[in-house]
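**Q** At position 54 of the sequence shown (counting the first as 1) the number is 54 in the numbering used here, and the numbers step up by one without a gap.
Hint data in this document are derived by calculation from the structure and do not stem from the laboratory. Treat the hints loosely; a few may be bogus.
[Unchecked claim] As a list, the in silico DSS-like pairs of lysine-lysine whose alpha-carbon atoms are at most 27 Å apart: (1) K61 / K98; (2) K49 / K61; (3) K74 / K113.
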Amino acid sequence: MAGRVGFVLGFIAVVFVHHAAAQKVHVVGETTGWTIPSTETFYSEWADKNTFAVGDSLSFKFLTGAHDVLQVPKESFEACNSDKAIGSALTTGPATVKLDTAGVHYFICTVGKHCLGGQKLAVTVSSSSTTPGGAVSPSPSTSEEPSTTANSPSSSVPKSGETPAAPAPSSSTAVMATIYVTLSAIVMNLLF
């Protein structure tokens with residue numbers, strides 16, 4: 001009986017370690033952080049080297065007051081403007097954005113002409129961590145800086161006067177909760 005309990009507890013530990021490792025925090029630009037880059041393609045090249053999955057987060061490292069992060073639709077990203085922004089700009093650094101939906105997410109900095117200088121980021125988020133994410137390069141015809149946004153469309157920052165909604169749980173969270181409850185029941189059954 002003790003062997004079965006050890007096996008079940010070990011299995012539970014492996015499941016939780018795997019779940020914790022599956023969600024990654026990506027530091028945007030790594031040591032450079034979120035700033036006006038040396039080249040307009042810096043952030044698209046950074047994104048191309050990474051894989052983004054639902055449940056991951058983007059950590060934008062910047063000094064408060066010097067930069068911000070705003071999520072925008074593709075058209076606003078390409079034009080480097082905040083028209084049709086998705087939520088509100090994150091103005092306090094560092095800022096973390098959870099990637100809770102699959103698809104392409106666009107972020108810009110709205111301070112001055114930072115976006116025109118290349119401070120913008122597009123990431124492709126897959127529903128699975130095994131599928132490459134990558135980035136969408138800025139259109140060659142624009143010389144706008146990339147910007148960032150704080151939240152994905154499903155968890156956008158509420159506009160003034162709105163009540164923030166709780167983000168919907170991801171499918172991996174629901175699966176993990178089901179596994180946890182099931183394994184807890186098995187362990188309790190074995191112990192008692």
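**Q** What hints, given by number in increasing order, does this structure fail?
**A** Every hint satisfied by this model.
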